[in-house]
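What follows is the residue order along each chain.
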Amino acid sequence: MIAALWIPCIRLQAVLPKDIRQALLDAQNRSFSLPDFSMGLCTDLESGQILEVCQKAEAEGVRAGMSVLRAKIQSPDLQLFIQDSLVYQKVLDEVKVFLNACSPRWQEVEAGLFLLELDWLHSGISKEEAKKTGAKLLQKICHKTRLMASLSLANKPLPARLAALESKAFCVTVISQQRELQLMSRQPVDICPLSPKTLGRLKVLGISTLGDLAQITRQDLVSQFGMEGHVLHQASLGGAGIGIPIAQDKKRAVLRESMETALQPRSWIFKRLTLGIQKLCLELSEEGLGFFEIEVRFFLENQSLIKLNLVLPTLTRDLDSCERLFHLHFEKIQFEDAIAFFEIELLKLTPWQFQQSSLKNFYRPCRNATNLQNLFYRLQTRGYQLWEVISSVPGHRIPERRAFLRSLDSKKNTRSLCVPKPIQIKEDEEGKPLSLMVNHRAYWVDRVLQVWNVCEDWWTQCPVDRSYYRLQLKNGAVLKVFRDNMGSSWFRQVG
Amino acid sequence: MSFAELASKSWFSFLRGASSPEDLVDEAAELGICSLALTDRMGLYGIVPFLNQCQKRGIHGIVGAQLIFEDEDSILVLCENRIGYTNLCHLLTRAARQSPPKESRISVRLLQEHIEGLFVLLADRESHAWGYARNKKVLKLRDNLNFWVQLFGQKRSFILYTSHFEENENQANTLLSQFAEESGVLLIPSNQPLYATRGRAQVLEVLACIREHKTLEQSQDIRPLNQERCLKSQKELQKILPDYFVNAQNLASCCQVKLNFENVRIPDFKTPSQQSHDEYLRELCLQNLPRYYPDITGDVIQRLEEELLLICKKNLSGYFLVVWDLVSYAKEQGILCQGRGSAANSMVAYILGIMPVDPLKYNLLFGRFLNEETTSAPDIDLDFASTPGTQRPDRETVIQYVYQKYGADHVAMVSTFVTFQARMAIREVGKVFEMPEEVLDLMAKMCGGYSFRRSFDEIFSIKSLKEWYASPYWEPFLRILHEIQDVPRHLSIHVGGMLVTSRPLWEIVPLEPASMEKRVVCQWDKDMVEDAGLIKIDILGLRMLSVLGDVKRMVELESGEALDLLNISREDPFVYEQICEADTVGLFQVESRAQMQSLPRTRPKNFSELGIQVAIIRPGPLQGNMVNPYIERKQGREEVVYMHPLLEPVLSETLGVILFQEQVLKVAIVVANFSPGQAERLRKAMSRKRSRKEMQSLYDEFVKGATENGLDSETIERIFKTLEGFALYGFCKSHALAFANITYLSAWFRSYYPAHYVAALLNNQPMGFYSSDVLIQDAKGRGILFYPPSIQDSEVLTTVVSPMTNLGIRLGLTQVEGISTELASLIVKEKNMGPWKDLQNFLSRIPMHADKAEKLIRCGAMDFLGIPRRELLWELWAWHKRDKENPKNAAALRQKINTPVLKKQSDWEMMAEEYSVMGVGSRHHPMELLRKQLRVRVMDSRSLKTIPSGAMAQIAGMVITRQRPPTAKGFAFLTLEDEFGMINLVLSPLTYERFRAEFRTQKFLLARGYRQYKDGVENLKVSYLQAIH
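Top line first, the protein sequences correspond to chains C and L.
Note that this note's numbering has the first sequence beginning at 1, numbered continuously upward.
Note that this note's numbering has the second sequence beginning at 1, numbered continuously upward.
Just so you know, the hints here were simulated from the structure itself, not pulled from any lab data.
You may find that some hints are simply not true.
BS3-like, lysine-lysine: derived pairs with alpha carbons at most 25 Å apart [unchecked claim]: (1) L:214 with L:445; (2) L:518 with L:102; (3) L:605 with L:634; (4) C:271 with C:307; (5) C:203 with L:884; (6) C:474 with C:432; (7) L:881 with L:852; (8) L:405 with L:518; (9) L:855 with C:197; (10) L:904 with C:197; (11) C:203 with L:855; (12) L:445 with C:332; (13) C:426 with L:239; (14) L:1003 with C:307; (15) C:197 with L:881; (16) L:1021 with C:332; (17) L:903 with C:197; (18) L:1003 with C:332; (19) C:307 with L:605; (20) C:480 with L:136; (21) C:432 with L:239; (22) L:445 with C:307; (23) C:203 with L:1003; (24) C:432 with C:421; (25) L:235 with C:432; (26) C:307 with L:1021; (27) L:1003 with L:780; (28) L:855 with L:903; (29) L:969 with L:445.
For each label pair, taking beta carbons as the anchor points, the in silico distance ranges come out as [to be verified]: (30) C:226 with L:822: 27 to 37 Å; (31) C:430 with L:224: 16 to 26 Å; (32) C:226 with L:942: 45 to 55 Å; (33) L:1017 with C:305: 24 to 34 Å; (34) L:1021 with C:278: 35 to 45 Å; (35) C:429 with L:970: 48 to 58 Å; (36) C:305 with L:947: 13 to 23 Å; (37) C:226 with L:830: 23 to 33 Å; (38) C:305 with L:866: 11 to 21 Å; (39) L:424 with C:485: 52 to 62 Å; (40) C:305 with L:830: 46 to 56 Å.
Just so it is clear, CB atoms sit at the ideal spot from N, CA and C, and this is done for glycine as well.
Given the sequences, and given the hints that come with them, work out the whole structure.
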């Protein structure tokens, strides 16, 4: 008996925007794959803690593009950290408590961020007992964490997992064998860990779902695909070793509405549409929360068809932001003729499906300031505050950039080294320093030891064009100053 | 005091310099620099334009180069005299031959063999010496400098003294000065510029990043610290460098190299009886004359004598003989060839069999090609049949013949410089700026290969990129895109230009091995070769000649009789009838959308008119508003008028409209008594906007001559203005007629041997305007049946088959992607030994990679076995797996493979597979299948013809062409194809803007609009466009 405990991430996702900004700022110049990593980190931590973890993980070899799983393997501290996440910890604690109460032996089959699989097979627990225990567990979790969880019980891991994703909140569902087959057969083959060559061949052979695979004997699969044939066969039986499903049957709802009179104003059309979408959201998901793929089809009087496709997250009960986003797309449509009727089709996605559809375009690995700045710019267009970033590179031509990274937000407790200090300098007719004023005292320049120019970062918002002078003063002291040729001010270079 | 800058680099140092040689010279002239040396890296690529510009600006140009050694050390050398120049060319040539491609390096031993006539400048910024000086490695510095000084001699060695305002530079310079003082070597002040003005500094930085595959952020170590590497005046340098300027002056005055290749430009052609070139040329012409002019009239003789006289006077007899020899060789080998371009104006070229057009019959003007006043070297372009990847004799055979006959040292291909244009610049510069790939992809796709300016207009209208335009990086990115335009990226081979000289080429220009095997390329492009006074021969490949050769061979094989293309009448009305109906898919030069739209209007009925047709549908004549007047007059809607009766004999063939460059000359000759040379000067001056002074002088001469002929001033003015307007856009008539010859032959063969013609077209793809599947669809419309490739029935190439008296074509095995001629030949040979029993039988008889067999299955080449393709694939992979696990175990391989029952392929899936491996669908047109899935009513191309002009229609089809020519004022054109034919779509600029993404990226479209039918031409004017698959 496999129990799949599903805790949807909606409420967690709701805090992501702010945390992502924070995480990006703190993780700048760190080589992490932010989409994966941030999902794990940005739940409920302070920025200082994130930074600490970043540093630790980096020291242990966590690099850009790594999956969470790999990152966990690479950095044990990181793994612990994820497990230290408050929410996760609460869940795990509750589970442990109850399972220990049920049976001394249990096995954590797979710990994901939001999906916990418990193999009760070895514990010898019966179906009825599992159902009872599960119900109590659910109650406790929901009470403690205020999250909506569901639990499904099945004979194999994959059906249990799939069923859990579909189950209603606060419910324990026992999956029948027939239902297991139903769930399994629709799954695409690419949920299995297969090589691109095998996936390609399966596509060419017309084998696209686990149901298609079920028609082929194990012997045939193995003789054709070798070890991967075993995996395929296992998958067709709903076996273990399959990653989190990336696709599942999408819940679908359709609304069709005729226009009462022709040539209604756009605002009226928009209103009807948004109401229709809201209605469908509620049909597909409790409280209307979730991730939805929307297709609106406008059938015009002249027999033509206009489609509008977008993906919307409805993360809170307040649908204003969704409405704004929808409005943005709707405004781009030009109707050549009156609308005869329209159809709205809503598909409810899992969080991973949503992640792959639109968040993927939203985030990209930020290896350095330029890329990060581009990314912030895009965030800004979506209503987030823009942060300025200065890269930190050892041996940088601009001395202050050799120092630790810094943010322009004064609230943040970061520091930078080698910050140039403004200085008053008197120049001769050729522009060379004659004398300078430091702490209200004048110092005369004996000679200019060296002059050099630095032009850098012309492609950024902070270009640098400086003329440096190494000066020997009459009192024997040597110091470095520069003139900022962008504004003709003088600075003393420290470091 | 005059200043000599002796160490500059241009953009011909490939990604290490940011200004053209011309810009360097211009800036030097502005700064008062009197001598300038060009020292590009390991080459003399830019030396010709450099010296020409120096001459124009009155600056003493000095030839030099930067030499890079095997240990990556660097020195600059300057040529003292012609010996030094020759040595430098030879040195660079030998270094290129001995080094890996694109990493040419010199050994000291090699340098020693070619050191005479060279001065050396040490301690340039890339040298080891400078590095040692920077790092205060005094002993190493001394050793290095002493080595070079000893090699070149103290009097021929100099040390560069530079200041770029870099940190810790002074101490390095101090060490160099000390060495100079101790050793007696002179110091040369120089800024070692890499660009003309400071404004180019950022371009140089981006080029450095591109070179090292780094972004701006990552490239601190390779980018200059500041923007000081520009040309500077003496006054500016005097503030920062010690006063050694007289050393530079003195050295500059020693370097005097004049490049004159007049005596070596014609190769050494050996005549059979030791006659002179002039004598032999005359002999050949007289020998061949009766063949081409059975009736030898006085006009013929007079024309021939005039041409021979001028050719001999210009010492070009040898050149004509060389070209004749190549053409003769090609004909002996059965390679179809003909000349093109202005040389078709020459009767000598016609009689020698080089050109296909009789200049007397078609009133062509020799002066357009060659006249008394011609100073630049003439150019004869030759087209040869081209069949790369096959063993058949073709253009490559001719090229190898040239190498063999004249020797590898005397022959080289002309180069061409691949420069940054819109798409390449967007991608490469974008990567440097770390723009996201998907943004760069979109920008590159959207710019459609237009000029930079047009591309930016296109890019700015992409709505999905709007948020990027306001990003802080957009402005510098865009600025660099503008500035990097035309900067050379790397060297490539010109399509066919060859240099053949009497002296070894490495005495004239450095040579390099080309990336193509057995090819050597010189470091100059065609313009530089021409400016240097050298003559090139263009040996070009034209696939249509291969097609014609193939059809000719097929027809001769079937009929058993030889076919002489010269004897085919060029005035067959049946052929012209099809051309007038715009039934021209697959025909040379007249198959494009624009041609097909104009043919029903212009209706060419003879060879002359066909030449006009080939000439007018081009950007030039369209832009010059020459086409519409001609069409209107042809249609009888406009009266044919002449500005003066003198113009009638010149312009009557084009109905009073100036269309040809030759007509510009003739008008000047007839109206103003110009000589051909004067007339050609006038035409060139008008077309290239030369100096006002020259134009004024020619205008005065024109007015004088015209007045003498009795024309009034108003008429003279009108004629001159008309000439000015058309000179820029006129097309060369001889070239048009040469091409028309091929057009006619292609139409003739298609009319009388349609199946053979299509088979030959398919065997020579890719070529032409349309892809294979369009050609096949068009042929199907003519009633030709098509059979897919089959390992049982196909030959290597596509062949004509005649089952049951219906003409059919069987696609060859090489039509399948990845099936080479060798493999196909093996299959055909083995097939003839006995039929294929099953897949395993095939696999055991033909050793091949699984992926090739897979393609054969997927395209249906094994359908005759009666087993579904998916099951065959299953069996194939299982068989290969078994073979891998038990190699050479015949028994194991013979065991039957169990295949499960797999889902049946739908028609669409089968068709998609066929397209993916063959580029054609053998059974269904995609629209045939898609039509059933469309939820809205659409017409097909057949029923569209039945609705009246102006009626609204909705159609759907597969995109086969999309165009948005610069001359079309923002209009865009699509051609859709369905199972019944083609539909032409026109989008107004506004409609294009709305549906730009669909236009540019979608394969299947639904379009709604209004049918337009006028003068036999049908279009759909689109109001709405939508992707349908």
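Structure-based check of all given hints:
This hinted pair checks out: residue 214 of chain L and residue 445 of chain L have alpha carbons roughly 23 Å apart, not beyond 25 Å. Distance restraint check for residue 518 of chain L and residue 102 of chain L: the Cα-Cα separation of roughly 16 Å lies within the 25 Å cut-off, and the hinted pair is therefore satisfied. Of the supplied pair hints, the one linking residue 605 of chain L and residue 634 of chain L holds, its CA atoms being roughly 11 Å apart against a limit of 25 Å. For a cut-off of 25 Å, the pair hint linking residue 271 of chain C to residue 307 of chain C stands: about 17 Å separates their Cα positions.
With a CA separation close to 23 Å, the supplied pair residue 203 of chain C and residue 884 of chain L stays within the 25 Å bound. Between residue 474 of chain C and residue 432 of chain C, the direct Cα distance comes to roughly 16 Å. Compliance with the 25 Å bound is thereby established for this hinted pair. Between residue 881 of chain L and residue 852 of chain L the alpha-carbon distance is near 15 Å, which keeps this suggested pair within the 25 Å criterion. Restraint check for residue 405 of chain L and residue 518 of chain L: satisfied, since their Cα atoms lie roughly 15 Å apart, inside the 25 Å limit.
Simply put, residue 855 of chain L and residue 197 of chain C have alpha-carbon atoms about 15 Å apart, close enough for the 25 Å limit, and the pair holds. A threshold of 25 Å between alpha carbons decides the hint, and for residue 904 of chain L with residue 197 of chain C the separation of about 22 Å falls inside it, so the pair holds. With a C-alpha separation of about 15 Å, the suggested pair residue 203 of chain C and residue 855 of chain L falls inside the 25 Å cut-off, and the hint holds. Note on residue 445 of chain L and residue 332 of chain C: the hinted pairing holds, with a Cα-Cα distance of about 22 Å set against a maximum of 25 Å.
Proposed proximity of residue 426 of chain C and residue 239 of chain L is supported: the alpha carbons are some 21 Å apart, at most 25 Å. The suggested pairing of residue 1003 of chain L with residue 307 of chain C holds, with an alpha-carbon distance near 18 Å, which does not exceed 25 Å. Under the criterion of a C-alpha separation no larger than 25 Å, the hint pairing residue 197 of chain C with residue 881 of chain L is consistent with the structure, at around 14 Å. Under the criterion of a C-alpha separation no larger than 25 Å, the hint pairing residue 1021 of chain L with residue 332 of chain C is consistent with the structure, at around 23 Å.
For the hint pairing residue 903 of chain L with residue 197 of chain C, the CA-to-CA distance comes to about 20 Å; that is within 25 Å, so the pair holds. Of the pairs offered as hints, the one joining residue 1003 of chain L and residue 332 of chain C holds, with about 23 Å between alpha carbons and a cut-off of 25 Å not exceeded. Taken as a hint, the residue 307 of chain C and residue 605 of chain L pair is broken in the structure, with Cα atoms around 50 Å apart against an allowance of 25 Å. Between residue 480 of chain C and residue 136 of chain L, the direct Cα distance comes to roughly 22 Å. Compliance with the 25 Å bound is thereby established for this hinted pair.
The straight-line distance between the Cα atoms of residue 432 of chain C and residue 239 of chain L is roughly 13 Å, inside the 25 Å bound, and the hint therefore holds. Using a Cα cut-off of 25 Å, the hinted pair residue 445 of chain L and residue 307 of chain C holds, with the two alpha carbons roughly 24 Å apart. In summary, the hint linking residue 203 of chain C to residue 1003 of chain L is supported, as the alpha carbons are separated by about 22 Å, within the 25 Å threshold. This hinted pair checks out: residue 432 of chain C and residue 421 of chain C have alpha carbons roughly 18 Å apart, not beyond 25 Å.
As the CA atoms of residue 235 of chain L and residue 432 of chain C are separated by approximately 18 Å, the hinted pair is consistent with the 25 Å bound. Restraint check for residue 307 of chain C and residue 1021 of chain L: satisfied, since their Cα atoms lie roughly 23 Å apart, inside the 25 Å limit. Straight-line distance between C-alpha atoms of residue 1003 of chain L and residue 780 of chain L comes to about 22 Å, which keeps the hinted pair within the 25 Å bound. Distance check on the hinted pair: residue 855 of chain L and residue 903 of chain L sit about 19 Å apart at the alpha-carbon level, within 25 Å; holds.
At roughly 20 Å between alpha-carbon atoms, residue 969 of chain L and residue 445 of chain L fall within 25 Å of each other, so this suggested pair holds. Checked against the hint of 27 to 37 Å, the pair residue 226 of chain C and residue 822 of chain L passes, with Cβ atoms roughly 31 Å apart. Evaluation of the 16 to 26 Å hint for residue 430 of chain C and residue 224 of chain L yields a pass: the beta carbon distance comes to about 23 Å. The supplied range of 45 to 55 Å is met by residue 226 of chain C and residue 942 of chain L, whose beta-carbon atoms lie about 53 Å from each other.
Evaluation of the 24 to 34 Å hint for residue 1017 of chain L and residue 305 of chain C yields a pass: the beta carbon distance comes to about 30 Å. Distance hint check for residue 1021 of chain L and residue 278 of chain C: the Cβ-Cβ separation is about 41 Å, which falls inside the suggested range of 35 to 45 Å. Against the hinted window of 48 to 58 Å, the Cβ-Cβ separation of residue 429 of chain C and residue 970 of chain L comes to about 56 Å, which satisfies the hint. A hinted range of 13 to 23 Å holds for the C-beta pair residue 305 of chain C and residue 947 of chain L, which are about 22 Å apart.
At about 30 Å, the CB distance of residue 226 of chain C to residue 830 of chain L agrees with the hint of 23 to 33 Å. Hint check: residue 305 of chain C to residue 866 of chain L, Cβ distance near 42 Å, so the stated range 11 to 21 Å is violated. Between residue 424 of chain L and residue 485 of chain C, the C-beta spacing of about 34 Å breaks the proposed range 52 to 62 Å. Take residue 305 of chain C and residue 830 of chain L: their Cβ atoms lie about 53 Å apart, and the range 46 to 56 Å holds.
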